[in-house]
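Heads up: the protein sequence lines correspond to chains A and B, in order. By full-length UniProt numbering, the letter at position 325 of the first sequence is numbered 325, and the numbering carries on one by one without gaps. By full-length UniProt numbering, the letter at position 380 of the second sequence is numbered 380, and the numbering carries on one by one without gaps.
Hints in this document: simulated from the structure, not taken from any laboratory. Small disclaimer: the values here were computed from a predicted structure and weren't measured. Check the hints yourself; a few may be wrong.
Which copy? The list can't say, so a pair holds if one copy fits it or any two copies do.
With a Cα cut of at most 20 Å, we get these calculated EDC-like pairs of lysine to aspartate or glutamate [claimed, not checked]:
(1) Lys457 with Glu540
(2) Lys84 with Glu436
(3) Lys84 with Asp102
(4) Lys513 with Glu35
(5) Lys509 with Glu332
(6) Lys137 with Glu536
(7) Lys457 with Asp442
(8) Lys84 with Asp391
(9) Lys513 with Asp283
(10) Lys84 with Glu434
(11) Lys513 with Glu536
(12) Lys457 with Glu24
Number of protein chains: 2
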Amino acid sequence: MKKTLSLAALCVLATAPALAQEGEIIRDGEYRYLEAQFGEAWAEQDERIDGRLNEIWEANGGKPPNILYILIDDVSFGQMGSRKLNYVTGIDTPNINQLAQDGLSLMRMYTEPSCTPTRTAFLTGRHPIRAGVEEVKVALVGEGLPAEEVTLAEVLKQAGYNTAHVGKWHQGDIEQAYPHNQGFDWAAFPLHQQVQLSLMIREAKDANNMLGYHLSGQSNQFGLDERFRPYGLVTGVEAEAGGMAREVDMEPGEEWTQAKYEEMNERYQRQILEQLDRLAAEDEPFFLQYWPLYPLNFAYPEQAISRNGGFHADKLQLLDSWIGDLLARLDETGEADNTIVMLMADNGLMYHYEGTSGLNQLIYRGGKTQHLEGGVRTDAFIRWPGVLAPDSAVGDIVHVSDLFTTFARIGNAMDYIPRDRIIDGVDQTPLLLEGEGNSRRDYVYVYEGAIMRSVVKQEFKMHLPAPGVPGAAAPVYNILRDPREEHAQIGNALWSGASFQDMVKRHQKMIAKYPHLPLGTGMPYEGIENLRPESELAREVFTSWQ
Amino acid sequence: MKKTLSLAALCVLATAPALAQEGEIIRDGEYRYLEAQFGEAWAEQDERIDGRLNEIWEANGGKPPNILYILIDDVSFGQMGSRKLNYVTGIDTPNINQLAQDGLSLMRMYTEPSCTPTRTAFLTGRHPIRAGVEEVKVALVGEGLPAEEVTLAEVLKQAGYNTAHVGKWHQGDIEQAYPHNQGFDWAAFPLHQQVQLSLMIREAKDANNMLGYHLSGQSNQFGLDERFRPYGLVTGVEAEAGGMAREVDMEPGEEWTQAKYEEMNERYQRQILEQLDRLAAEDEPFFLQYWPLYPLNFAYPEQAISRNGGFHADKLQLLDSWIGDLLARLDETGEADNTIVMLMADNGLMYHYEGTSGLNQLIYRGGKTQHLEGGVRTDAFIRWPGVLAPDSAVGDIVHVSDLFTTFARIGNAMDYIPRDRIIDGVDQTPLLLEGEGNSRRDYVYVYEGAIMRSVVKQEFKMHLPAPGVPGAAAPVYNILRDPREEHAQIGNALWSGASFQDMVKRHQKMIAKYPHLPLGTGMPYEGIENLRPESELAREVFTSWQ
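Build out the structure end to end from the sequences listed, making use of the hints.
Below you can see the structure in the form of structure tokens.
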């Protein structure tokens, strides 16, 4: 298997930017504004940081550390990582709690408000809209992450990392967007996501989560178009870099079920363990992604394992035990001391199912799809033995795009970050190595899709006024005093309106200079070697109106 | 000082029930219902518990442990005790966090929804309404905790404890209700509470918290009655058991100010340290109450110390440092190992000031005065070195009245619990000594004043229907899946309506058998030796219509 992968890896290298990039990284306006104030201190600090990183690499035989990045779907801040908060919800997450205890908690991690953009931000270090990415829909779209974007996997690969991806991907259904074409040596992933795989199925309808959308729910006597519902969509595929993808575990004509969804999740859990074993045995450092589909799931189990018992909550507790197994396996490989393990959620809960899913807004208001703190604040824990103090925490602002730049620096791969486009991701290595107060950002722009909806600066957050509405009417919240963003006071807006306006201008001027790139487009399902007849048909129907 | 106190103590003993009580403690119906199911197992367990308590007393020279009980005003669940949640609010509570780390967290402590009833429940082990107590108002009322109620201080005193109270009392302005007439050897306390002392003052109006209620805020050109505002109210007093109270730090004609309020708080902090020193030097075990007035306060400090800076939040952080000083002093006395330290809040935040106070609802919805979880769920931490494991937690339901019975048992004072009235407080010693799952209650009746508004059983909570509204319309919430009580589902009510109805019936039948006692009444301000002329006048005016 090793040989095949190496060949495939060579193919990818041949198509990726092969040379170190020259010049400075291009930054957004707000960063430059801070840099003008703190640039000298940062430069001094960077020398220390470089020294420390060199020591770390030296101690590891000249190699940067492995990175295992676990991204969980749709879980609100506070739902995992704290034994005491586990009592509030009746969901036990002992393994994630232990991970938090063993490392650093990023107490103010901002994501994008939904799955696709958060993942794009992590992969590219850029606001997703710069790559044309707003939100990838569940069904056929013929769209996805453009080949022109340079992912963290591509960056780390050029610095000598082996890479693999297991689980949810959600970056589109076109060939250029597939993970094995975006820097991963090997990948197992579903072409679409959980709506197709766990919501549009009979069991979710039976659990009262789809109001009869499944065809078993009504006679459909006066309906015409059966393909208004999911039809012939590709499910899970596997592939090596540069190769064709192959759909697994699905026969022509077969109906997707909850049992198949659960098997898929179990398969990904098996595969992440296999990939870990395989990568740990190599000489090169590894970058391994585990992006589970759970806790999303819309049917009740035969017997709940959590005290909560909600259909998301129960699967979160199951997933926690799987993460325990994964970390135990990492210990067995002997690589735990040289491996950064990071775990976080991609955005807030799917609050629309609150009450029955068992997850809830807990502390921050709002959830998935929303610019409110409940949509974009998630738990985030990093374990890095010998470097990050156990049970430590920092209150600094971090955005998910910062991980791109930070992991690139830790992976000795800064030279491979592109210099021809804006990189929003701020290097947070100083925060990791020198502690609280060392973040190089005190701001976040919060988008919902293509629309900027909020601007965060320090503890203040402005909800931007709708077009044509006077700025003085824009509510500004103090999120320390008012975490649920419910008590705007006009004085705050009157004072800070101008400051927020300046921030937006700095951002917009840089967009004018470096315009957004277009979303990748193409024929859906190219590069899949065993398309089922119904998938072929779905694709034909999809393109029939063009 | 010691001699005087002993004499005073004798006086109190002469008026309190002098003999051990005979027979079984009278329990509410729901407890009996559980006892019918688990009585045998409980009896067996009680033998073990008695053995263990005897060991603990033996190890302490035959004496039960000291009890230091700190009750903080109006703080929501999650606002203190967790370093990581401190990041959410920007309020640092390192000393309370350490206390939580050093002991047991009661993760499901229920209080009453406001100050007076919670304190009555703690002092008497009874639902406050059984003593006629609903809520004691801020101004003159001529009402209070009846002499006939037997307080925990009286119970522990008879078992040989020395007792003292420092800080908020809020059990009424009549002589029989004063703490030194309710079992405390010594007491320093304000006659009323923070509304008079920190809200109805010029500084709170200037801080925009009273909409000009203070007379400095408008000309009052067409007003008649100046005494509609606070007038001549007694402020802080001090007294020994059986003696007269004496108002301190207030001259005739003097206006109460924020500076005086802050001095009062600082004085109580000094006095709690003095009382601790005094009591620790005695041979007898002590029961010492510290009921701070902070964090309540309605003016901004000259310079905030917390990142949050809200007027409640900042004082909570200050109070935390004072508690650190108190615990350090306890260490210095050498009594820390023999002292149970308990800290909790009396009810949820004053949510009406949310946004500017800096406190917020955080996890549970609602606050002070409300039967919602946000009104009656508070943080509660117990440290008992050598007995309670550090950093432990239990998810069992506990009600504040349980502390009466539990401290009585730990204090070897069960014989002095009255046997002629219902005692709601459940003995939670098994929970403390044998851990999670050993609570003897899985229910709570939640009153707002005289009206039962909710019934809690396990993770379910029914909001009772208004009179005349059909039971099927009563919303039932699953508070693990829905901590904010926002997503009632009719199925829950249809199923559990009957079960909740049975619970209410069991409670009501016991009330019919043991009717509520009347609230204590009398002439306000009796027993104060230095009433100011304006206080005399206020009392005359108060009674002039009678």
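- List in ascending order the numbers of the hints, as given earlier, that are violated by the structure. Per hint list: 1, 5, 9, 11, 12 violated.
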